[in-house]
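Residue strings, one per chain:
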Amino acid sequence: MEECKIRARDAGLVFDNETLEYIVTNRDMLELSPKGMIPTLYDYWVNDVETIKKKEIYKLYPSNPYETVINTRPAISFYNDNNPDWLNIMIFYHVLGHIDFFQNNIFFRETWNYDFAGKALADKRLINSLRSEYGRWVDYIIEFSRNINNLNGYNKILSHYRNEKKDETSEIIKYYFNVFLQDIKHKNTNYISNQINIFNEYISNNKEIGETLFLANINKQFPEFDAKFKKYQQSAEKQKHFNDIIEFISDKSTFLNKEENLWMKQVIDIVRETAIYFEPQIRTKTINEGWASFWHERMFMSDDRIKGHESEFAKINAGVTSISRIGLNPYAIGMRLLKFIENQADKGKFEYDFQKINNIEQRANFNNNSNSGIDSIFEVRRNFNDFTFVNTFVNQDFVDEYNLFTVGKRLNEKQGIFEYYIKSRKAEDYKKMLIENQYHPPLINVNIDKTNDKNLYLVHQFENKQLIKDFIPDTLIGIEFLWGNQVQLETIEIVKQQLANHDTKFINRKVIYTCKNKKITKTQIDNPKTA
Amino acid sequence: MEQLNDDEIKKHDFEGEKNEKKSSNTHSGEIYLWNDFQLLLNFKPFNSEFPVTNLKTLDELVEKDKQREKDGFPKRIRFGKVVKPLSGNKAKVVVVPTTTEPKFYHDDSITEDEEETTGGSGKGEEGEIIGKQYADPHQGEGSGEGAGQGDSEDHDIAADAQELGKILTEEFHLPNLKNKGNKHSLKKYTYTLTDRNREFGQLLDKKETLKSIIKTNIVLDNINPDDFFDPSNLVINPKDKIYRIMSKEKDFEAQAVVFFVRDYSGSMSGKPAEIVVSQHLMIYSWLMYQYQSNVLTKFIVHDTEAKVVPDFYTYYRYQVAGGTYVFPAFELLNKIIETEQLQKDYNIYVFYGTDGDDWENDGKKMLDELRKTLVYSSRCGITIAKNSWAKGQKTVVEKYIESSGLLTDKKEFFKMDTLEAEKATDDEIIKSIKKLIQ
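So the protein lines, in turn, are chains A and B. Going by this note's numbering, the first residue of the first sequence is number 149, and it counts up by one from there. Going by this note's numbering, the first residue of the second sequence is number 22, and it counts up by one from there.
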């Protein structure tokens, strides 16, 4: 294994020297997986239900996972006890790929500061000791906190690291472009970019007073601007200290801040921080698995210990990294996209000299022998998550090279069968499909102006998808418990309407859910608009 | 080093726990007893002796779920089953608990582009069909398993029955459910020689032991797979001896039998038949969902004669036939109970559906049989789905049952409900089920 580390370092991977490896059984894997593979994670009954379910299903459909790695310090990896030795070498390369990714990708920045296994153990002990005092109520607090743990401010917390670089734009200018023009005036992109050009002109003409002159101009055009900005500043001041609604509730709830309930805040914190720890892993599935697969393939094939196991390796590797006729495999897509990027970069195809060429033949044959491929993929490994990875690099060349397409599923009523068909070979459709498949929790904020001790007012930022209606009441009941009083949620629902000509029309309706004493009511608050 | 510290912490933590005191058999204080190999072999991150995982049993979880209701929060644990089809129309079934954590999630199902899309790769033009799948998951799987084949019996029923059962489960419970004979409920255990254990136990499992010896000797090169070998030369490791050991097993034996009986005579054609089968479908779905393999089901249809049909699918789909005598159905039912001695080990439930027509006007034979049935059964529920032309008037069956006085004498065990077949909605059918079982 030490040999593997030396080879991996020679290839350019960067990781702590200390790692821990454990050999475990399938059963152990089943028991660990509901806990995100963290052996020291706090106990919670939902995980137990999940484990029992998995064990039962295992009786019918046994599975045989090869490995798992967790992002702890030192990084811990688990190996199946029925892996042959040669396979463990290949897997260890895969594991090193993951460890390198955990320890270098900037989306994991927040997890670099501590060892999660240790923290989780401390949390678990705290929860156990609280359980001995407060019994099942500890589990209710865990439950209600988990109901909103996907609304954590992971991105906001991460952005603090970026802000280490000083941003010189003033608050008022940021407000003008980011909020006033977009959310209040609803100006189009064209208008906004025009305004940005004007602003830049002012600044370049006169660095000292350019901004003042520009603002004077705005005030002439929009007399209400100053007042709006002041109001915005006031409410921004109130919100500033909170990364997410969990922190807000924990800090502002009169119920939680009663002397006898303070222990609940500790539990809420644990649940929230645990969720934040898992966030980067969820958001880098494709690129992280792609990265690990890319390296295990490359490194194991050049390792002399592959000798005698070439065909077995080929079989297992294909099982992990082949792209299927129908279906998505993040390992496969991620690995191919990395190979594609490396290849393109080697030929200099990310450079301006290439971008400006329109001729198909010239584009295909372009090669400036820059050989910057390997550097490029290390750049990607450092700075990209699944969304930016897919959004930036999936293009028609990629889709064509690997013969990719999107598959549609439709019902053939006559034959009583579902048909799967090739729906599109266009890069934009393929990219859209990949992005649709990614993790994207809704954004829900507190409306400070409408919130007080008696009422917590939450606003869902609509992104053309409604919330799953069945879950709203139970989630609100949990929030009501934590807030200690009425909770309201403003959201938009999509209503499907059948028109006379058999077309369907989608209408967006703004509604408010109110939860008081565990009773839920729903009211519609504006006239329907067509989607 | 790292690991040792960690382990000590765990031990300490364990002792600090106030709730559970169990004996600790972790390593003694001797520092020289520690070595990596021993440590790794003994590393059990999942052993409940350490507080690392503390897996609850299903029963504890179910208890906890009941407590939730008392605390004023909705129950969260549901039961479903996973089926793996095997050859020969058989299937293996496991019952699994499930739960969902409610959160605010995006709902991907309502979009303008309503088709599911996924990825794919390979050759082919846009629009080309590259795969097919039966819309009804059971089509093509073969059907017609007998009702007696235990866990595979409910296979033919449409997939949404599960969903339906899930919803109904919240509303219903089987009435008068008692422990019968030696068949026990979900929570009881039996002790059987099921678990296997190396080196000691109650009964030597010869087959497993032989297998294990062979494996050991293959590893030791005492056996060449291509050659004969002399069994007397084989080395036997003590660990190769595999025993059956007494162990606690959950008893999943059925404890209720439910008879579905319906009239399929000519007069039932159309609405009445539809109402009766859809009501029975709901009851059936609910039973399958909530009581799982704890419930056996039997199906009987009748016109002037009665017969047993093998499964719900056949029961559901049976077309109408001739005239109407009700008593043969109950006669057959009683015969089945008596010959199989079902009342000893099972709670018996009977659901009967008819349009109320009977050629036997005074219902004498029928009432005799019904009285017998009521002795055995925990509940018998009769649904009368009236034809539109019988409006306002009592049907033959209604008349003789009401005049028999059974509805009051045996009100714990016997219920009847009447529906207008033409008008009955799903809600009314559900209300009617409530009347029959409450």
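Because the hints were derived from the structure by calculation, they are not lab data. Quick reminder that beta carbons are idealized off the backbone N, C-alpha and C, glycines included. One or more hints might be untrue.
Unchecked claim - Derived DSSO-like pairs (lysine-lysine); straight-line CA-CA distance at most 27 Å:
| # | chain 1 | residue 1 | chain 2 | residue 2 |
| --- | --- | --- | --- | --- |
| 1 | A | K667 | B | K452 |
| 2 | A | K207 | B | K236 |
| 3 | B | K91 | A | K413 |
| 4 | B | K292 | A | K666 |
| 5 | A | K207 | B | K260 |
| 6 | B | K328 | A | K617 |
| 7 | A | K667 | B | K236 |
| 8 | A | K355 | A | K368 |
| 9 | A | K153 | A | K207 |
| 10 | B | K124 | A | K613 |
| 11 | B | K385 | B | K452 |
| 12 | B | K328 | B | K436 |
| 13 | B | K432 | B | K455 |
| 14 | B | K365 | A | K579 |
| 15 | A | K203 | B | K432 |
| 16 | B | K385 | A | K670 |
| 17 | A | K400 | A | K203 |
| 18 | B | K96 | A | K666 |
| 19 | B | K77 | B | K91 |
Stated by the list, open to error - Not everything, but these chain B residues come out facing chain A in the computed CB check (under 8 Å):
| # | residue |
| --- | --- |
| 20 | L79 |
| 21 | K91 |
| 22 | G93 |
| 23 | T120 |
| 24 | P123 |
| 25 | Y126 |
| 26 | E137 |
| 27 | G143 |
| 28 | K144 |
| 29 | K153 |
| 30 | T325 |
| 31 | Y397 |
Do the hints match the structure? See the list:
no.	hint	verdict
1	A:K667 - B:K452	holds, 24 Å
2	A:K207 - B:K236	holds, 24 Å
3	B:K91 - A:K413	holds, 24 Å
4	B:K292 - A:K666	violated, 41 Å
5	A:K207 - B:K260	holds, 25 Å
6	B:K328 - A:K617	violated, 47 Å
7	A:K667 - B:K236	violated, 64 Å
8	A:K355 - A:K368	holds, 21 Å
9	A:K153 - A:K207	violated, 37 Å
10	B:K124 - A:K613	holds, 15 Å
11	B:K385 - B:K452	violated, 30 Å
12	B:K328 - B:K436	holds, 24 Å
13	B:K432 - B:K455	holds, 15 Å
14	B:K365 - A:K579	violated, 64 Å
15	A:K203 - B:K432	violated, 45 Å
16	B:K385 - A:K670	violated, 57 Å
17	A:K400 - A:K203	violated, 42 Å
18	B:K96 - A:K666	holds, 14 Å
19	B:K77 - B:K91	holds, 20 Å
20	L79	holds, 6 Å
21	K91	violated, 10 Å
22	G93	holds, 7 Å
23	T120	holds, 5 Å
24	P123	holds, 4 Å
25	Y126	holds, 5 Å
26	E137	holds, 5 Å
27	G143	holds, 5 Å
28	K144	holds, 7 Å
29	K153	holds, 5 Å
30	T325	violated, 36 Å
31	Y397	violated, 34 Å
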